[in-house]
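Can you make the complete structure from the sequences, with help from the hints?
If you want the building blocks of each chain, they are given just below.
There are 2 protein chains.
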Amino acid sequence: MKAGAVLLLSGGMDSATCLWWMKQELDGPIHALSIDYGQRHRVELECAAGLAARAGVPHKVVGLDLGAIGGSPLTDPGLAVPAAQEDRQAATVVPFRNLLFAGLAGGWAEILGLEAVYLAPVKDDYRSYRDCRRPFYDSLEQTLGLGASREQGFAIHTPFVDKWKTEVVALGLQLGVPYELTHTCYEGKRPACGVCDACAERLGAFAANGVKDPLVYA
Amino acid sequence: MKAGAVLLLSGGMDSATCLWWMKQELDGPIHALSIDYGQRHRVELECAAGLAARAGVPHKVVGLDLGAIGGSPLTDPGLAVPAAQEDRQAATVVPFRNLLFAGLAGGWAEILGLEAVYLAPVKDDYRSYRDCRRPFYDSLEQTLGLGASREQGFAIHTPFVDKWKTEVVALGLQLGVPYELTHTCYEGKRPACGVCDACAERLGAFAANGVKDPLVYA
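Same order as they appear, the protein sequences are chains A and B.
Numbered by the working numbering, the letters in the first sequence go through residues 10 to 227 in order.
Numbered by the working numbering, the letters in the second sequence go through residues 10 to 227 in order.
Incorrect hints may appear among the rest.
As the list makes no split between identical chains, a pair holds if one copy fits it or if it spans any two.
To be verified - Below, a list of computed lysine to any residue pairs in the SDA-like style, where the Cα atoms sit at most 25 Å apart:
id: 1; residue 1: Lys198; residue 2: Glu210
id: 2; residue 1: Lys132; residue 2: Gln151
id: 3; residue 1: Lys69; residue 2: His166
id: 4; residue 1: Lys221; residue 2: Glu124
id: 5; residue 1: Lys32; residue 2: Ala64
id: 6; residue 1: Lys221; residue 2: Gly72
id: 7; residue 1: Lys221; residue 2: Gly13
id: 8; residue 1: Lys69; residue 2: Asp45
id: 9; residue 1: Lys198; residue 2: Ser137
id: 10; residue 1: Lys172; residue 2: Arg159
id: 11; residue 1: Lys32; residue 2: Leu121
id: 12; residue 1: Lys172; residue 2: Pro144
id: 13; residue 1: Lys69; residue 2: Arg51
id: 14; residue 1: Lys132; residue 2: Arg159
id: 15; residue 1: Lys198; residue 2: Gln33
id: 16; residue 1: Lys198; residue 2: Glu124
id: 17; residue 1: Lys172; residue 2: Glu160
Hint data in this document are derived by calculation from the structure and do not stem from the laboratory.
Okay, here's the thing in structure tokens:
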């Protein structure tokens with residue numbers, strides 16, 4: 010059994026599954042952290058809070074004004090979110106988002122006296138998001154160790170990095186993850202749009218498991 | 010001559026000197042970035058804006074709610090700022106502050122099509138701040154290269170990392186840096202308190218150069 014950790018909980022399916030998996034795997038306390046980065050899909054933050062409450066773990070939201078930097082349709086209302094298949098996920102990149110999120114999680118972990126951060130990138134993210142690949146996290150792990158206030162080890166765990174989203178959902182269904190509490194749609198709509206790249210991926214993952222997605226779609 | 014870059018401009022002496030030095034050294038555009046991280050010394054942000062205006066470079070402020078994480082007297086009003094000599098700078102550490110700042114600067118650089126970030130840690134920071142040391146920046150440079158949206162080089166320049174603050178001020182006096190526009194006091198007071206660790210260091214650096222600090226002290 011492993012000691013406690015900070016988990017980056019987005020409110021989406023992958024990190025929700027990671028939370029339930031960590032509850033099974035970890036011995037120490039789990040602290041969930043969400044980042045309010047001006048995302049268009051802000052409903053995620055409410056979902057993250059609901060998931061943490063359901064899981065019985067403390068939850069914190071930290072504000073990070075990535076909209077001030079701009080450049081991504083996820084934070085810039087002037088840019089359109091690409092439909093599925095159009096340019097896959099490339100146009101939705103927020104530069105160094107995961108570096109910033111992991112750095113915030115690392116900072117909170119340090120203050121809590123913990124030395125581990127969990128994130129839930131999945132294999133489907135690999136192609137378009139370079140900051141969802143393990144070589145990036147290996148390097149970041151070293152950087153965090155060098156930059157921590159005290160000399161200490163720092164681990165970044167990405168337990169699903171080699172799993173397809175379909176496999177993650179299969180695991181989550183076994184673990185009883187309340188997927189009706191998660192949010193995926195990039196448009197930030199409730200009911201979910203069902204057409205954006207994120208919705209398309211989600212629906213595909215449930216279909217591959219022969220299970221109906223408990224979410225309501227437009 | 011080098012291409013353009015993003016400079017993290019705090020409003021303090023070191024990054025102000027770096028800005029004037031870059032104006033002499035760089036050929037391409039310089040973009041100044043300041044982070045509003047809930048710092049007690051918020052007057053820094055006004056100073057940064059004034060310095061950028063005087064230097065004639067664009068300036069952006071990005072919000073980062075480090076106060077939500079807490080743990081440092083620089084962001085937590087409930088904690089006292091240590092007086093000079095007490096515990097040097099150790100108690101004023103904000104975990105991974107420079108990682109987060111460099112990540113934001115890297116993100117903005119990427120959007121601007123630039124591949125270089127400048128920060129101005131000085132040798133005096135070395136002892137207490139592990140994220141002011143070059144091995145940390147070497148590692149972070151690699152991490153940024155791996156995490157950037159596109160495959161590209163990413164350079165983090167720290168031109169003053171081997172210079173004492175006294176030497177930086179000597180350089181700045183030659184370059185005509187308007188030090189009266191900079192802010193240093195950790196207490197965030199105007200006139201500056203003159204007693205906190207930061208004020209003590211600043212006064213020492215001017216004294217060592219045989220020059221009167223143009224700032225007003227309480």
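So, going through the hints one by one against the coordinates:
1. In the homo-oligomer, the alpha carbons of Lys198 and Glu210 lie at most 25 Å apart inside one protomer (16 Å), although the nearest pairing across protomers, at 53 Å, exceeds that limit.
2. For the homomeric pair Lys132 and Gln151, the shortest alpha-carbon distances inside one copy (22 Å) and between copies (22 Å) are both at most 25 Å.
3. For the homomeric pair Lys69 and His166, the shortest alpha-carbon distance inside one copy (19 Å) is at most 25 Å, but the shortest distance between copies (33 Å) is not.
4. In this assembly of identical chains, Lys221 and Glu124 lie within 25 Å of each other by CA distance neither inside one copy nor across copies; the values are 38 Å within and 46 Å between.
5. Taking the shortest alpha-carbon separations for Lys32 and Ala64, only the intra-copy value of 8 Å comes in at or below 25 Å, while the best inter-copy value is 53 Å.
6. In the homo-oligomer, the alpha carbons of Lys221 and Gly72 never lie at most 25 Å apart, since the shortest distance is 34 Å inside one protomer and 40 Å across protomers.
7. Neither within a single protomer nor between protomers do Lys221 and Gly13 lie at most 25 Å apart by alpha-carbon distance, with minima of 34 Å and 52 Å respectively.
8. In the homo-oligomer, the alpha carbons of Lys69 and Asp45 lie at most 25 Å apart both inside one protomer (10 Å) and across protomers (19 Å), since each shortest distance falls under that limit.
9. In this homomeric assembly, Lys198 and Ser137 come within 25 Å of each other (Cα to Cα) only inside a single copy, at 23 Å, whereas the closest approach across copies is 47 Å.
10. Taking the shortest Cα distances, Lys172 and Arg159 sit within 25 Å of each other only across copies (23 Å), while inside one copy they are farther apart (34 Å).
11. In this homomeric assembly, Lys32 and Leu121 come within 25 Å of each other (Cα to Cα) only inside a single copy, at 18 Å, whereas the closest approach across copies is 42 Å.
12. In this assembly of identical chains, Lys172 and Pro144 lie within 25 Å of each other by CA distance solely inside one copy; the values are 16 Å within and 33 Å between copies.
13. In the homo-oligomer, the alpha carbons of Lys69 and Arg51 lie at most 25 Å apart both inside one protomer (15 Å) and across protomers (24 Å), since each shortest distance falls under that limit.
14. Within a single copy, Lys132 and Arg159 get their C-alpha atoms only as close as 33 Å, which misses the 25 Å cut-off; across copies the closest is 18 Å, which meets it.
15. In this homomeric assembly, Lys198 and Gln33 never come within 25 Å of each other (Cα to Cα): the closest approach is 32 Å inside a single copy and 50 Å across copies.
16. Proximity of Lys198 and Glu124 under a CA criterion of 25 Å is satisfied in neither setting, with 36 Å inside one chain copy and 36 Å between copies.
17. When the C-alpha separation of Lys172 and Glu160 is checked against a cutoff of 25 Å, the pair qualifies only between copies, where the shortest distance is 24 Å, while the shortest distance within a copy is 33 Å.
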